[in-house]
Amino acid sequence: MTLLSLLGDYTLQKVAIGAALLGLISGVLGSFAVLRKQSLLGDTLSHAALPGVCLGFIIAGGRELGSILTGALMTGTLAALTMLLLTRMSRLKTDAALGVALSVFFAVGVVLLTYIQGGNNASQGGLDSFLFGQAAATLTSDLWVMATITAIALALVTVLWKEFKLVSFDPEFAACSGLPVVLLEATMTVMIALAVVVGLQMVGVVLMAAMIIAPAVAARQWTKRLEHMVLLAAAFGIVGGMCGAVISAMGPGLATGPLIILSLSLIVVVSLLLAPGRGFAWELYKLRRDRRTLRTQQVLTTLYRLAQHHRDPAFRSDQGMVDAYHGTNTRSALQYLAGKGWVRFESPHAGDPATQPHWALTESGRHEAERILTDLEGASR
Amino acid sequence: MITSLLDTFFNDIDLMIMLVGALVGIASSLVGTFLVLRGSSMLSDAIGHSIVFGIILVWLITHQTSGPWQILGAALTGLLTVFLSELLINTRKVKADAAIGLVFPVLFSLGILLINLYASDVHIDAHTVLLGEIGFVWLDTLSIAGHDVPRAIVTMGSMTLINAAFIGLFYKELKLATFDAPLAKALGFAPGILFYALLLLTSGTAVAAFDAVGAVLFVAFVIVPPSAAYLLTDRLWLMFLYGALISVTSSISGYYMAVWWDVSIGGMMAVMTGVFLSLAFLFGPRYGMAAQWLRRRQQRALNDSRTLAVHLYNHEGGPEQDVENVTQALREHLLWSSVRANRVVERSCQRQLITLQGERLALTETGRYLAREILEPGQHNHR
Chain A
1 MTLLSLLGDY TLQKVAIGAA LLGLISGVLG SFAVLRKQSL LGDTLSHAAL PGVCLGFIIA
61 GGRELGSILT GALMTGTLAA LTMLLLTRMS RLKTDAALGV ALSVFFAVGV VLLTYIQGGN
121 NASQGGLDSF LFGQAAATLT SDLWVMATIT AIALALVTVL WKEFKLVSFD PEFAACSGLP
181 VVLLEATMTV MIALAVVVGL QMVGVVLMAA MIIAPAVAAR QWTKRLEHMV LLAAAFGIVG
241 GMCGAVISAM GPGLATGPLI ILSLSLIVVV SLLLAPGRGF AWELYKLRRD RRTLRTQQVL
301 TTLYRLAQHH RDPAFRSDQG MVDAYHGTNT RSALQYLAGK GWVRFESPHA GDPATQPHWA
361 LTESGRHEAE RILTDLEGAS R
Chain B
382 MITSLLDTFF NDIDLMIMLV GALVGIASSL VGTFLVLRGS SMLSDAIGHS IVFGIILVWL
442 ITHQTSGPWQ ILGAALTGLL TVFLSELLIN TRKVKADAAI GLVFPVLFSL GILLINLYAS
502 DVHIDAHTVL LGEIGFVWLD TLSIAGHDVP RAIVTMGSMT LINAAFIGLF YKELKLATFD
562 APLAKALGFA PGILFYALLL LTSGTAVAAF DAVGAVLFVA FVIVPPSAAY LLTDRLWLMF
622 LYGALISVTS SISGYYMAVW WDVSIGGMMA VMTGVFLSLA FLFGPRYGMA AQWLRRRQQR
682 ALNDSRTLAV HLYNHEGGPE QDVENVTQAL REHLLWSSVR ANRVVERSCQ RQLITLQGER
742 LALTETGRYL AREILEPGQH NHR
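Taken in sequence, the protein lines are chains A and B.
Numbered per our numbering, the first sequence spans residues 1 to 381.
Numbered per our numbering, the second sequence spans residues 382 to 764.
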């Protein structure tokens, strides 16, 4: 199948739309979770969705997405409450409470799953797909459900934007300003459960954690503003989701969920490496630039001091001597300075025993050296 | 005689399954105790997921899933996850929790893809990855000294012994590194290396337990019994004991309930650890909800008696004594309900803090001393 015929494929269109919706909602909501250092809450909530999926299945008597998602939302919220209860009312710390809620709820889900499978229900086959997601099985009606949930979540974020922003960055101040912080935090937690619910069909309960975290972490590298971060995270989520969906359509055995996660992780790696200001490449460049500036400034001031010492502004320093002062080869630094017009290359006089090139300060070089030295004095004072 | 007894033992399927469950629980809670105490419980979640990648990689290379080298090789991916997460954290571009949540899904995704692409015909399909097959552990046996011993018993048994030996050997060092890492470092104990060794054992346990309980239920066995034990005691060695007890009890009760309802055995065992945690949470001797509630109630009763004593002492012998020092006044001036007022009066009488003189409440000598001690602590000698 060529890429073009793939894009015309009806199933793929649905999968891509679903993946894009998931990327959108988890990018936006994940931004808040990551900023509030609650990344792993997404992990717990997604694992805790499994018993809800099974309960929804049992109650509806079949694979009916509406009741399954409602169930997932309920148990996800219940897990969040359990975690809160354990951290507030017992001596367990957050990490243990998260782990307990995650594993016990998942275990209940496993028990319910095998209970359903033991009951020989004809449509049980669809249930396994919620573990790893089965994007290809997405129905048009499923898309409508996902779109509705996404729309609700986005509307909530828009309406409560200021409040969410304040609670995320400065909960103490938010509380002092009279905002219902606990209620807002609870809302944000439930909304993560909403994102999880949308992701069940696409990536499954196990990999949803990365779906929440990855777009937000990638977006964080490119910007300092929440507005931009949320938009970028949404964009990354959409791109990663659709990439994963398209790749998985290319061959059998390529599960959508893992591919979406891997695409997103690639975006994270690229962001960590290349993002301007924060990326490794940028930091490396800055480091080299700072080093060169320092080196050339040192060489320039050395020339200046030598000239002063000899009471000759046009004193010609032997490059070997400058090298000896700095203990390294200074040729590249001198050439850089020459490029700036601060030093002048002078070939040795005829009959001079020295074979090394000579360098002398120019007028502007002298001013530059004086400026650096006064700056240094000012800084050390 | 002994031989036939041993054979009957190893051929008892029920017993073997419960024994594997108990061994998984004991081995996991041994290392889990330190993870819970250090506040890095979620690392077990990361490790549990990422060893899937290691297991399938080792299988692709050696075409075997069991054996000490295979376990070690797969366990290294667990360590890799921790290492990569710490690398990310150290760049200070990603927070600790997000870093953990970024790394393990990548390895897990790779593992699932590899399973789907290359290994769909072997027994590790994506489904067992999550759920395990503890019900079938007795099918795969090893011959040891003429006995057919289930392989899972051998691997989990050795893992339990290794974990116990490690903790036994480095008990003091681990204790120090867990509760006071800076001091351990200052004394030259290298808490970092010790912790990595512990995580390697956690990964090894995860790999060994993988066939039985899968990647996610393993987390329950690592975190839940130690957490429950933490709610029951302050002593480290007791935490190990309680953790092991909870593991064994969960394994046995979980097995029978799973058979009764015909559901996942591993899942039910994990659920039972959760049940024991809830019991510890509710009825733990010191930190349980019931104990806390009782303590608060006693505290309130004591406070009420003290308030009453001070109130009576303030008005004792004064002009308004007949108005203030009656039960009626407690309702109006202390804003106590009549039920509460009557109860406090009754209890204070019992404790001989006050006596009833007709309508009037009078302090006894003990009651007066109590009130004085509250108002002017340490200035009075009890006569």
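Simulated from the structure, these hints should not be mistaken for lab results.
Being a predicted model, the structure only gives us computed values, none of them experimental.
Think of the CB as a built atom: it goes at the ideal place given N, C-alpha and C, for glycine as much as any other residue.
Among the clues, some could well be false.
What the hints assert, rightly or not - In silico DSS-like pairs for lysine-lysine, Cα to Cα no more than 27 Å straight-line:
id	chain 1	residue 1	chain 2	residue 2
1	B	Lys556	B	Lys566
2	B	Lys474	A	Lys224
3	A	Lys37	B	Lys553
4	B	Lys476	A	Lys37
5	A	Lys224	B	Lys476
6	B	Lys566	A	Lys93
7	B	Lys556	A	Lys165
8	A	Lys165	A	Lys93
9	B	Lys553	B	Lys566
10	A	Lys224	A	Lys37
11	A	Lys340	A	Lys286
12	B	Lys476	B	Lys566
13	A	Lys165	A	Lys224
14	B	Lys556	A	Lys93
15	B	Lys556	A	Lys162
16	A	Lys93	B	Lys474
17	A	Lys162	A	Lys286
18	A	Lys14	B	Lys556
19	A	Lys162	A	Lys224
20	A	Lys93	A	Lys162
21	B	Lys556	A	Lys286
22	B	Lys556	A	Lys340
23	B	Lys553	A	Lys162
24	A	Lys165	A	Lys37
25	A	Lys286	B	Lys566
26	A	Lys165	B	Lys566
27	A	Lys93	A	Lys37
Unchecked claim - Computed Cβ-Cβ distance ranges for the label pairs, DEER-style:
id	chain 1	residue 1	chain 2	residue 2	range
28	B	Thr472	A	Leu179	48 to 54 Å
29	B	Leu550	A	Phe280	56 to 62 Å
30	B	Pro563	A	Glu227	37 to 43 Å
31	B	Glu697	A	Lys162	39 to 45 Å
32	B	Phe560	A	Ile58	55 to 61 Å
33	A	Ile58	B	Asp561	45 to 51 Å
34	A	Thr158	B	Lys556	49 to 55 Å
35	B	Arg728	A	Arg91	47 to 53 Å
36	B	Tyr637	A	Thr148	53 to 59 Å
37	A	Ala151	B	Leu716	50 to 56 Å
38	B	Gly573	A	Arg91	55 to 61 Å
39	A	Thr148	B	Glu554	52 to 58 Å
Now for the hints, and whether the structure bears them out:
no.: 1; hint: B:Lys556 <-> B:Lys566; result: holds (13 Å)
no.: 2; hint: B:Lys474 <-> A:Lys224; result: holds (12 Å)
no.: 3; hint: A:Lys37 <-> B:Lys553; result: violated (33 Å)
no.: 4; hint: B:Lys476 <-> A:Lys37; result: holds (7 Å)
no.: 5; hint: A:Lys224 <-> B:Lys476; result: holds (15 Å)
no.: 6; hint: B:Lys566 <-> A:Lys93; result: holds (24 Å)
no.: 7; hint: B:Lys556 <-> A:Lys165; result: violated (41 Å)
no.: 8; hint: A:Lys165 <-> A:Lys93; result: holds (26 Å)
no.: 9; hint: B:Lys553 <-> B:Lys566; result: holds (13 Å)
no.: 10; hint: A:Lys224 <-> A:Lys37; result: holds (16 Å)
no.: 11; hint: A:Lys340 <-> A:Lys286; result: holds (20 Å)
no.: 12; hint: B:Lys476 <-> B:Lys566; result: holds (24 Å)
no.: 13; hint: A:Lys165 <-> A:Lys224; result: holds (13 Å)
no.: 14; hint: B:Lys556 <-> A:Lys93; result: holds (18 Å)
no.: 15; hint: B:Lys556 <-> A:Lys162; result: violated (46 Å)
no.: 16; hint: A:Lys93 <-> B:Lys474; result: holds (25 Å)
no.: 17; hint: A:Lys162 <-> A:Lys286; result: violated (35 Å)
no.: 18; hint: A:Lys14 <-> B:Lys556; result: violated (55 Å)
no.: 19; hint: A:Lys162 <-> A:Lys224; result: holds (16 Å)
no.: 20; hint: A:Lys93 <-> A:Lys162; result: violated (30 Å)
no.: 21; hint: B:Lys556 <-> A:Lys286; result: violated (44 Å)
no.: 22; hint: B:Lys556 <-> A:Lys340; result: violated (62 Å)
no.: 23; hint: B:Lys553 <-> A:Lys162; result: violated (51 Å)
no.: 24; hint: A:Lys165 <-> A:Lys37; result: holds (14 Å)
no.: 25; hint: A:Lys286 <-> B:Lys566; result: violated (35 Å)
no.: 26; hint: A:Lys165 <-> B:Lys566; result: violated (40 Å)
no.: 27; hint: A:Lys93 <-> A:Lys37; result: holds (15 Å)
no.: 28; hint: B:Thr472 <-> A:Leu179: 48 to 54 Å; result: violated (34 Å)
no.: 29; hint: B:Leu550 <-> A:Phe280: 56 to 62 Å; result: violated (41 Å)
no.: 30; hint: B:Pro563 <-> A:Glu227: 37 to 43 Å; result: holds (41 Å)
no.: 31; hint: B:Glu697 <-> A:Lys162: 39 to 45 Å; result: violated (59 Å)
no.: 32; hint: B:Phe560 <-> A:Ile58: 55 to 61 Å; result: violated (46 Å)
no.: 33; hint: A:Ile58 <-> B:Asp561: 45 to 51 Å; result: holds (50 Å)
no.: 34; hint: A:Thr158 <-> B:Lys556: 49 to 55 Å; result: holds (52 Å)
no.: 35; hint: B:Arg728 <-> A:Arg91: 47 to 53 Å; result: violated (31 Å)
no.: 36; hint: B:Tyr637 <-> A:Thr148: 53 to 59 Å; result: violated (44 Å)
no.: 37; hint: A:Ala151 <-> B:Leu716: 50 to 56 Å; result: holds (52 Å)
no.: 38; hint: B:Gly573 <-> A:Arg91: 55 to 61 Å; result: violated (26 Å)
no.: 39; hint: A:Thr148 <-> B:Glu554: 52 to 58 Å; result: holds (56 Å)
The earlier numbered hints that this structure contradicts are 3, 7, 15, 17, 18, 20, 21, 22, 23, 25, 26, 28, 29, 31, 32, 35, 36 and 38.
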